[in-house]
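J.: The lines below spell out each chain.
2 protein chains.
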Amino acid sequence: MEVHSNWMKIALKEAEKAFDGNEVPVGCIIVYENRIIAKAHNQVEMLTDPTAHAEMMALTSAFDALKTKQLKGCSMYVTLEPCSMCAGALVLAKLENLYFGVYDNKAGACGSVLNITNNNHLNHNINVYGGILDAECCSLIKAFFNEKRNNDIPGNLNNFSIN
Amino acid sequence: MEVHSNWMKIALKEAEKAFDGNEVPVGCIIVYENRIIAKAHNQVEMLTDPTAHAEMMALTSAFDALKTKQLKGCSMYVTLEPCSMCAGALVLAKLENLYFGVYDNKAGACGSVLNITNNNHLNHNINVYGGILDAECCSLIKAFFNEKRNNDIPGNLNNFSIN
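Heads up: the sequence lines are chains A and B, in that order. Mapping of the first sequence onto numbering that gives the first Met the number 0: position 61 corresponds to residue 60, and the numbering continues sequentially without gaps. Mapping of the second sequence onto numbering that gives the first Met the number 0: position 140 corresponds to residue 139, and the numbering continues sequentially without gaps.
Quick caveat, the hints were computed from the structure, so don't treat them as lab data. Any given hint might turn out to be false.
Claimed, not checked - Using C-beta positions, here's what the derived DEER-type ranges look like:
| # | chain 1 | residue 1 | chain 2 | residue 2 | range |
| --- | --- | --- | --- | --- | --- |
| 1 | A | K71 | B | Q69 | 35 to 41 Å |
| 2 | A | N124 | B | N119 | 21 to 27 Å |
| 3 | B | N119 | A | K141 | 40 to 46 Å |
| 4 | A | S138 | B | N104 | 53 to 59 Å |
Where is the CB? At the ideal position from N, CA and C, for every residue including glycine.
The whole structure should be built from the sequences, with the hints applied where relevant.
T.: Here it is in structure tokens:
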């Protein structure tokens with residue numbers, strides 16, 4: 000639906016900020032009552048912290064914005080399928096809806112490698128919709144890896160894979 | 000082995016700090032070259048952030064202490080089996096050894112409900128040893144829930160379960 004593509008375009012703008020900062024280009028927003036309450040992009044390299052994924056940063060902003068530990072009624076839009084850490088965090092946050100761009104068949108934990116967002120052993124399930132603007136989300140990540148590999152930038156930039 | 004019990008006792012001291020702060024009592028330390036480089040305890044209530052688990056806070060301190068994104072040669076001691084979020088973060092951090100206290104049969108992601116720390120689809124496996132001082136770790140958590148339930152403290156304190 001067009002509304003979801005429009006929100007994902009804003010997440011893509013965040014991903015572009017990561018790209019410009021030499022970070023794997025993943026961007027994320029959180030929407031509540033038709034309003035953006037959090038925006039973030041991957042900052043792993045800048046913070047020297049492999050947990051500084053876009054989703055984690057956006058969650059922290061959202062808890063602060065709503066003054067709550069539970070994101071009932073909130074929707075996250077993120078350009079790449081969340082990993083185990085981020086998917087686990089979304090369950091703890093009791094996020095309602097997750098819309099992601101490209102599937103990650105190497106580390107995705109929302110159906111690809113693991114399914115943490117819909118696991119009946121855990122105490123919360125999330126409505127998950129993958130593949131929103133996947134071509135655009137994928138192109139940006141591929142462009143990043145092509146450019147970085149050509150420039151031989153140090154660091155392990157091979158953690159992400161795209162279907 | 001006694002050395003592991005001794006480190007876990009220090010993690011238990013951290014868990015007691017959480018208890019005193021009305022937080023679910025989970026504590027954690029990270030050891031590198033026989034030296035503690037990070038200590039942390041659960042701060043979910045204080046920070047109004049369900050991702051503020053002891054392990055996540057300790058990881059951030061450890062990256063800062065070692066000025067690196069990868070915790071090669073590091074051992075984490077934590078009083079409760081890590082959840083999906085924390086286990087995913089430990090894999091991203093490429094932690095070498097994980098020693099935990101009590102198994103969590105409701106949300107544990109290091110063998111109990113899921114196994115993220117040893118999943119051959121992911122790009123790093125961790126040496127995991129559960130049950131270190133489990134009686135002490137378990138008693139502290141049980142004492143917390145008994146006291147809080149009696150006092151009818153608000154908030155969802157039923158996320159953790161003990162074997």
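J.: Would you mind marking each hint as holding or not holding in the structure?
T.: Results of checking the hints against the structure:
{"no.": "1", "hint": "A:K71 to B:Q69: 35 to 41 Å", "result": "holds (36 Å)"}
{"no.": "2", "hint": "A:N124 to B:N119: 21 to 27 Å", "result": "holds (26 Å)"}
{"no.": "3", "hint": "B:N119 to A:K141: 40 to 46 Å", "result": "violated (26 Å)"}
{"no.": "4", "hint": "A:S138 to B:N104: 53 to 59 Å", "result": "violated (43 Å)"}
Violated hints, in rising order: 3, 4; the structure is consistent with all others.
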